[in-house]
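Make a model of the complete structure from these sequences and hints.
Residue numbers (numbering that gives the first Met the number 0), protein chains in the order written: chain A, 0 to 758; chain G, 0 to 112.
Because the hints were derived from the structure by calculation, they are not lab data.
Fair warning: this is a prediction, and the values are worked out from it, not measured in the lab.
Even for Gly, the Cβ is constructed at its ideal location relative to N, Cα and C.
Watch out, some of these pointers could steer you wrong.
As the list claims (entries may be wrong) - Below are the DSBU-like pairs computed for lysine-lysine, each with C-alpha atoms no more than 30 Å apart in a straight line:
hint : chain 1 : residue 1 : chain 2 : residue 2
1    : G       : K38       : G       : K10
2    : A       : K30       : A       : K111
3    : A       : K30       : G       : K38
4    : A       : K729      : G       : K38
Unchecked claim - Which stretches of chain G does chain A cover? Using the computed rule of at least three CB atoms under 8 Å from a CB of chain A, they are:
hint : stretch
5    : 5-13
6    : 65-74
Residue-level listing of the chains:
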Amino acid sequence: MGVVESPGTPAALSGATTSWFAPSFLLEESKLRPPSSRPGTVRRAGLLERLHASSDASVVTVVGPPGYGKSALLGQWVEEGPRAVAWVSIEDEDNDPAVLLAYIAAALDRVKPIDVDILRTRAPPGASVAATVARRIVATMSGMAEPVALVLDHTELLHNHQCRDAIAELAVHVPSAGQLVLASRGAPPVPLARLRAQGAVVEVGAEDLAMDESEALMLLDGAGVRLGDAEVAELVRHTEGWPVGLYLAALAHKSGNGSRKGALAFSGDDRLMADYLRMELLARVPRGRVSFLTRTSVLERMCGPLCDAVVGGTHSGRLLEALEGSNLLVVPLDRRREWYRYHRLFQELLRVELGQREAAAVPQLHARAAAWCQENGLAEMAITHAQAAGDADQVARLVTACALAAYADGRLETVDRWFRWFDERDLIERYPSVAVLGAVLRAVMGQPAAAERWAAVAERGSVEATLPDGSPMESWQAQLRAFLCRHGVERMRRDAQLAEKGLAPGSQWRASALALEGLSWLLDGEAERADEILARAVDVGMDVGALPATAAALAERAIVAIGRDDWVEAEGLARRGLAIIRDGRLEDYGPGAIVHAVLARVAAHGGDVPGARESLGHAARVRPQLTYAMPALAVQTLLELARAYLALADAAGARVVMREAGAILRIRPDLGSLPREAAELRVTLETLRVGSVGASSLTAAELRLVPLLSTHLSFREIGLRLHVSRHTVKTQAISVYRKLGVSSRSEAIDRVRSIGLLA
Amino acid sequence: MKAEHEDLLRKLALNDEGVLAPLLGGGVADAEPGGLDAKTAALVRLAGIVAIGSAPASYQWIVTRALAAGASDAEVTGVLVALAPIVGCERVGSAAPEVALAIGAEFDLPLDG
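Rendered as structure tokens:
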């Protein structure tokens, strides 16, 4: 079979898996492995035949309630099929496009090492993610020598809009000879009507998955249970062929006193099933073991020491091994038999049981799990448990320590979820350190109102203790104030200096504190002094690995060089900035726009019109993120863009960015030399004739729409995503078409790609 | 292959300048009719389409040109106010959301769902 087996070490859990994308979160190898069939598993001959015969369908859906053997069927299909298969078992954590893409990339990489570049660039923050993610996967699949099937198991767990849209997008664009296979408890997130109309989908439903009498007989046989034909028929009728029901009935029967009545007294219903589990299955397990099972069901993944910590025992490791040996309900996650998880359905039932037996103990169990995870370097897993335990103090500590790394890794949804947890519980007030981070990250992501709200909280709070980077809270607060620059450039400088003085030597913030101080001098006309400090910002930034701040500082130095009319030096500095952005995969992050702006100016100065246009295209993609939440950098970037447009004699493009700069200046007028520069630029603009109004004059709102045009979403659906009416979307789309000089959506997509507005 | 007339209809619906210019005697794209600068000309045209109650695409087109010619958001909005006594509040009211959209306002005025 085509799946390259993973190395089988618990490297998965130390993160040392694929070198090229080295995500800062733990890549769970076991999620990339199809379930292997075990002795006694019934081969679903009829269904397999159907699946094998449908290799030309681009999409296969396997949909049925829990316990219908969806994963098992696909596992058998993978084992028997001639086709290369990339497998991902979706989990809750995958509700972040960056995480989902990382797993799909890793799965494809297992089939055949993939072209790194295709998946390197992160999807930009915002609404374009779905299409970007899907397009990169399609490109990767198309680039493979042999056709590959991508299997996504448990797609019902995807509730994030962007992830669901990405899957839908993928379904519509599966490369020829490739296949997308989705297993789900509910309707999968694909446009089924459209796929049906095209005859592109094969659908396997619960009625197909239900076992007939001969399959039931084989199942009972495999479990070592002998029943007469009539009894089997009766059992199939009662369970409606529900495989897990049949299986549990067999187990009950085997354990001796399972009365025939008991074995037949349930049907395919979750609640009855839970009762059944309690009566028939757990009743036969020794008391101590029942509580082990129910208590450890709070864990998504478990190993001996973790279970010991949670249940307070010492032999969990051996117990897990024994459980694995005795039935099918525990799944090993690595070959060393260190990590396990429960079969999903079994875990759900155990959790229900736990809730009925000792609901009050649940938070305590999570608290123990959180403590263990934290001690053992599994910080993000610890966050989940600490949240379930309701231990806000610990969540705050962990999030404060993890948020920057996760953000730098592009997992915006994950970070957002952590912050939302505090927001939803009205807990921000209690954790100023979380509020500082939340405010800065929201400012960078172009959410000014949210940034302001969190900043207000961060300012009010005081914390005695030192923060995870070893700095005092006052320094973080000063850094935030400098960043938001609400009271002018001079105040920004004082705040940046204050922050820099107090920050711990290894703090990530130091580079950006220095960069902001340098910017403040530059905006005060002290170019030389600015350059000195910016040079230090670059050194410090390289040292502590603060990439966005380093790139921005290099771009600022380039602006200083342009001021000296030293264009060669400027180009060198800006190119270094660009290299950092590329290596750090930060191309679509707001603060990186200044690098593109400077490069556009350099190119325009050198007469390289296509080069300048390309840089302006890159900058346009992130322009919607430039808001008054980081006013100095935003306005400076927009003015640099205006200069580049002017150098290209593009009055319409220059006016659009000038209007955006003007809007920010109205809210934050005290930005040193920037208001004067803006006024001068406006005067220059007056003298320029307006040529045709083209792509460069797309507004921020239109730029937000552009990525969504490349999806299958209708205008109404796009409106829902952007929180505007269908009419608004339609009108903006028409405007986009006209500015691009096209007359249809598909032409528009081609055009925006060719001018670099879309990755 | 798209039929030519389909393409033409589409472009007309979009107010595509390349198609409209020849229809209007070539004077649209770079029209600075006698004595009017580009900005004033665009604002006057805006008044015209408000008065006749044009399609949304027209608002996008004219307002974009006005902005590109250096008109401020306030000047564009000012046209609506100046027109109200002449064409009536009703007409100005229905034009307002289109103008708001065209200047790229970051808010949703009440429009049809």
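These are the hints, each one checked on the structure:
{"no.": "1", "hint": "K38(G) to K10(G)", "in the structure": "holds (24 Å)"}
{"no.": "2", "hint": "K30(A) to K111(A)", "in the structure": "holds (17 Å)"}
{"no.": "3", "hint": "K30(A) to K38(G)", "in the structure": "violated (61 Å)"}
{"no.": "4", "hint": "K729(A) to K38(G)", "in the structure": "holds (26 Å)"}
{"no.": "5", "hint": "5-13", "in the structure": "holds (count 5)"}
{"no.": "6", "hint": "65-74", "in the structure": "holds (count 5)"}
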